[in-house]
Structures are given as structure tokens and as C-alpha cells.
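Undergrad: Whenever a hint applies, use it, and build me the whole structure from the sequences.
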Amino acid sequence: MKNKPSIPEDNQQCGVDYAFKRIGGKYKGRILWHLNSKEVLRYGELRRTLPDITTKMLTQTLRELEDDRLITRKVYHEVPPKVEYALSETGMELIPFIKHLHQWGNKQLEKEVISCEK
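Note that the sequence shown covers residues 1 to 118 in full-length UniProt numbering.
Source of the hints: derived by calculation from the structure; they are not laboratory data.
Some clues are possibly wrong.
What the hints assert, rightly or not - Think about it this way: if two alpha-carbon atoms lie no more than 27 Å apart in a straight line, the pair counts; the simulated DSS-like pairs of lysine-lysine are:
| hint | residue 1 | residue 2 |
| --- | --- | --- |
| 1 | K56 | K74 |
| 2 | K21 | K74 |
| 3 | K99 | K111 |
| 4 | K56 | K21 |
| 5 | K38 | K107 |
| 6 | K107 | K26 |
| 7 | K38 | K99 |
| 8 | K111 | K26 |
| 9 | K56 | K111 |
| 10 | K38 | K26 |
| 11 | K21 | K107 |
| 12 | K82 | K26 |
| 13 | K74 | K99 |
| 14 | K56 | K82 |
| 15 | K74 | K26 |
| 16 | K26 | K56 |
| 17 | K82 | K38 |
| 18 | K56 | K38 |
| 19 | K56 | K107 |
| 20 | K21 | K38 |
| 21 | K38 | K74 |
TA: Put into C-alpha cells, the structure is as follows:
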């Protein structure tokens, strides 16, 4: 019996782990969802769309999404500065899955409401 070459645990990746590292967290999915519905949003619009997010967390989350190539950031060199965010092609590929999660979540919420009313 031949020994299989061992792969260090930190080099092993599962597609699910990879995906959730990119879109997991409290805000990433919501940001992607809102960018899909509006196509392009400025920073202030995103801030108003997500009233429970801090400025620091929004900035950090947008940077992570940009680093993962899920969104694009376009800077206009004008005063006051104007920055627009949009889904990248890779980000758009996620939308059908996020829609499915949205439908699933709504279905589960309905079940909870019905079970609470009984």
C-alpha cells in the first residue's frame, strides 16, 4: 500500500469554506444584494441602506469585497470626492445563490411566525 502524500491542513480547501470566507459575515451578503438591486451605489447610499453598520465596518467590508474581486470601485477625481461601487462579473455570479438564500430565509421566517402564532 502506497502512502498518499499528505497535504497540510491549512492548504486543504473546500469550496464551501472558500465561498463563505468571501461572502460570510453580517454585511457582505447584504451589500452584494443591494448592489444587485441598484446596480451602482455610492458610499453614502450604501451607508443609508445599511443603517446598523458603522462607517469603519462598511469601509472594511467594501475593501474586502473589492480585494476578493466581488465588487468594483470607481473613483471620480472631483470635489467633493465621488466613489461608486458595483458588482463585478464574479460578484454577479453569486446573485442566483443569494436569491435562493433570500427565498429560503423568507420561507423559514414564515414557518417561525406560524409556529409562534399557534
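Undergrad: Flag every earlier hint the structure violates by its number, smallest first.
TA: Those not satisfied are hints 9 and 19.
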